[in-house]
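Chemist: Chains as they are written, first to last, in this note's numbering: chain A, 9 to 290; chain B, 23 to 324.
The hints are simulated quantities; they were obtained by calculation from the structure and are not laboratory data.
Note that the structure is predicted; figures quoted are calculated from it, not measured.
A hint or two may mislead.
[To be verified] Partial list, derived from the structure: chain B residues whose beta carbon lies under 10 angstroms from chain A:
hint: 1; residue: Val198
hint: 2; residue: Gly211
hint: 3; residue: Val246
hint: 4; residue: Trp248
[To be verified] Examples of chain B residues toward chain A, derived with CB under 7 angstroms:
hint: 5; residue: Val177
hint: 6; residue: Ser200
hint: 7; residue: Thr212
hint: 8; residue: Trp213
hint: 9; residue: Asn215
hint: 10; residue: Lys216
hint: 11; residue: Pro217
hint: 12; residue: Thr220
hint: 13; residue: Gly225
hint: 14; residue: Gly232
hint: 15; residue: Leu245
hint: 16; residue: Asp251
hint: 17; residue: Ala262
Glycine residues also receive a C-beta, built at the ideal position from the N, C-alpha and C atoms.
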Amino acid sequence: MRFLLAVVLATGFCLANSETQTQDRVPRYMERAEVNHSTDSATVSASDSRPLAQAVTALSEEYAWTIDFEDPPFYSKHDLVDDTAPEWRAAHPNVPGVTVIGGGGFRTRFPETADTRLSAAEEEHVLDIVVSDYNKSGNPGGFSLINEGNGRFAVVGSHVSDDSGQEEAVPSILDTAITVPTEARNGLQTISAILKALATKSQTRVELGLMPWNALVRTEVTVGGQNIPARALLLQTLSLIKTTLYWRLYYDNDVKTYAFSLLPLRKATNDASGKRTTVLVR
Amino acid sequence: MNRVIHFVLGSLTLLLACSTSHGQGCFQPHFSIYTSVVRDGYNIDAAVTMQGYTTINCNMASATHKVGAENVISGTGGWTYSGSGCPSCYFSVTGNNTFTGVSDQIYNWVWDGEATCSIFGTFLNSGGGGSLPGCLVPSTETTAVAGVVVGNITVTAFDQQISDTAIDNFDGKMIVESDAATGTDSCWGTWSNKPQNTGVTGGNWPVGGGQVTGEPNHWGWDLVGWSTDLVTYYRVQAPAHGKPLPCGFVNYQALTIQCTVAGTTVTYTPSAGNKLTADIYPGYVNNCRYDISGWACRETPF
Numbered sequence: 009m010r011f012l013l014a015v016v017l018a019t020g021f022c023l024a025n026s027e028t029q030t031q032d033r034v035p036r037y038m039e040r041a042e043v044n045h046s047t048d049s050a051t052v053s054a055s056d057s058r059p060l061a062q063a064v065t066a067l068s069e070e071y072a073w074t075i076d077f078e079d080p081p082f083y084s085k086h087d088l089v090d091d092t093a094p095e096w097r098a099a100h101p102n103v104p105g106v107t108v109i110g111g112g113g114f115r116t117r118f119p120e121t122a123d124t125r126l127s128a129a130e131e132e133h134v135l136d137i138v139v140s141d142y143n144k145s146g147n148p149g150g151f152s153l154i155n156e157g158n159g160r161f162a163v164v165g166s167h168v169s170d171d172s173g174q175e176e177a178v179p180s181i182l183d184t185a186i187t188v189p190t191e192a193r194n195g196l197q198t199i200s201a202i203l204k205a206l207a208t209k210s211q212t213r214v215e216l217g218l219m220p221w222n223a224l225v226r227t228e229v230t231v232g233g234q235n236i237p238a239r240a241l242l243l244q245t246l247s248l249i250k251t252t253l254y255w256r257l258y259y260d261n262d263v264k265t266y267a268f269s270l271l272p273l274r275k276a277t278n279d280a281s282g283k284r285t286t287v288l289v290r
Numbered sequence: 023m024n025r026v027i028h029f030v031l032g033s034l035t036l037l038l039a040c041s042t043s044h045g046q047g048c049f050q051p052h053f054s055i056y057t058s059v060v061r062d063g064y065n066i067d068a069a070v071t072m073q074g075y076t077t078i079n080c081n082m083a084s085a086t087h088k089v090g091a092e093n094v095i096s097g098t099g100g101w102t103y104s105g106s107g108c109p110s111c112y113f114s115v116t117g118n119n120t121f122t123g124v125s126d127q128i129y130n131w132v133w134d135g136e137a138t139c140s141i142f143g144t145f146l147n148s149g150g151g152g153s154l155p156g157c158l159v160p161s162t163e164t165t166a167v168a169g170v171v172v173g174n175i176t177v178t179a180f181d182q183q184i185s186d187t188a189i190d191n192f193d194g195k196m197i198v199e200s201d202a203a204t205g206t207d208s209c210w211g212t213w214s215n216k217p218q219n220t221g222v223t224g225g226n227w228p229v230g231g232g233q234v235t236g237e238p239n240h241w242g243w244d245l246v247g248w249s250t251d252l253v254t255y256y257r258v259q260a261p262a263h264g265k266p267l268p269c270g271f272v273n274y275q276a277l278t279i280q281c282t283v284a285g286t287t288v289t290y291t292p293s294a295g296n297k298l299t300a301d302i303y304p305g306y307v308n309n310c311r312y313d314i315s316g317w318a319c320r321e322t323p324f
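With the rest of the complex left out, here is chain A:
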């Protein structure tokens, strides 16, 4: 039922229907979420397998906000849809197929003032609205907002649907308390050590996704501690790296693995002709 709702919402954005496509086994999504401004409010329109992540990225680029995003560990047919390529299926008839998160369309509106971009309180208020609206949208999962301090926020998966379609609370894997020896390492070694300790403690695979190699390898940090949430160690590490970075922790149930990606903060700008580009925020 939830998936059906998401699909219905998605139809406003989709050009193709999954049942009639052979190339696209899931609805065709928007390339990126759009933020439209009116007199005293703004609207975010997203359409993606992870529509909230797409919306959050659009807000991050619109206002140069540092927002982390973490999937909950989706696993049931109520949150995931089949995405197996027909030719692959034919060649592997006895192997389970692959899936994609069954997100669709999502739209939210929030008040916008002159302070919206620069005020952490305004940012928190806006993100609260966005997350709350998402949780009522019928899209997969439930999320909550964490204020990580220093104007940084995390949108964290807190619920999934179980096999019967009921809401199931799930803890954030980054809240797992871990122990990492305190020592001087480069940024990449430190991130790797944190993820390795996290994987060991949580008994869940957590791998390296996209990494800003140059920024990490060339920065030496001293980070560590005993029984400290992984999130705190990651934040401590990032605070010592000159580039402003945010993370995306995405879960793929097909391989039962999280991938931790770090990306540089970008700000969207439009040139005189209206062409949109993004520039790195330094």
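Given chain A, put chain B in place with the hints provided.
Modeler: What follows is chain B alone, placed relative to chain A:
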């Protein structure tokens, strides 16, 4: 040789295509003004080009047209004109202004373009302005493979060498990267466990420092590639989702070099940027860096 670096400052500065009342609606001009700057060490060659044509809707058999480009830098320079020709002819004229910059100096640059009819006079005139910092800027950059990243052998380290015709010393200046254009990521799908990789990450390197200490006029390392985890992930997942191998990303890297004026930098890569690629094959990865004056690739079995 001193034109090796060629980057365009607002490559198409102005597109002029308007329905005009000149000549009682008799003709419609379609002209563009382009500006470009070529640097080699302290030498700066700024060019202004005016080009285009006019659509003629009436009998102007006795008229001739010509176009001009104005290129003035800190009060020096002037107009360059084309020869006269038929009203509907295509015209192109370039005014060059070449000089040797001085560090810490900022040069005002004014450009203009005009089109003139022998009957109706000047029927189109438009231009702009900017500033050019005097700055020591390389005219060439080469790249070489320096190795791989420990723990992620699917990431390649590249070592760059910059130079100009005067063999100046660039050591100590900061090189900073940004996106020249949005890249592509052919591995990615909405099912992926990571966002798209379509941009560089904003690295910065001191020339002759860091991992290339002891190598004058070198900077680096510039690290390009997928993590080993992602290579393994995409090898298994991409084909099952209908994405054949090889797949990979392309990033377009713009590079600036620090001038001696605080906060002033100059972009020295071509407007298209350096192309950085990382492709995943069934048994290996291939990472490449296509630079101003050459390229290097590393094929790593994995």
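Chemist: Please go over all the hints and tell whether each is borne out by the structure.
Modeler: So, going through the hints one by one against the coordinates:
1. Val198: holds, 8 angstroms
2. Gly211: holds, 8 angstroms
3. Val246: holds, 8 angstroms
4. Trp248: Given a least distance of 8 angstroms, the restraint on Trp248 (chain B) holds.
5. Val177: Constraint on Val177 (chain B) satisfied, holds at 6 angstroms.
6. Ser200: Interface hint status for Ser200 (chain B): holds (6 angstroms vs cutoff 7 angstroms).
7. Thr212: holds, 4 angstroms
8. Trp213: holds, 4 angstroms
9. Asn215: Given a least distance of 4 angstroms, the restraint on Asn215 (chain B) holds.
10. Lys216: Because about 4 angstroms separates Lys216 (chain B) from the closest Cβ in chain A, which is inside the 7 angstroms limit, the hint holds.
11. Pro217: With Cβ-Cβ at 5 angstroms, under 7 angstroms, it holds.
12. Thr220: Hint on Thr220 (chain B): violated, closest Cβ of chain A at ~10 angstroms, above 7 angstroms.
13. Gly225: holds, 3 angstroms
14. Gly232: holds, 6 angstroms
15. Leu245: For Leu245 (chain B), the interface hint holds, since the closest Cβ of chain A sits about 4 angstroms away, which is under 7 angstroms.
16. Asp251: holds, 4 angstroms
17. Ala262: holds, 4 angstroms
Consistency with the previously given hints fails for number 12 only.
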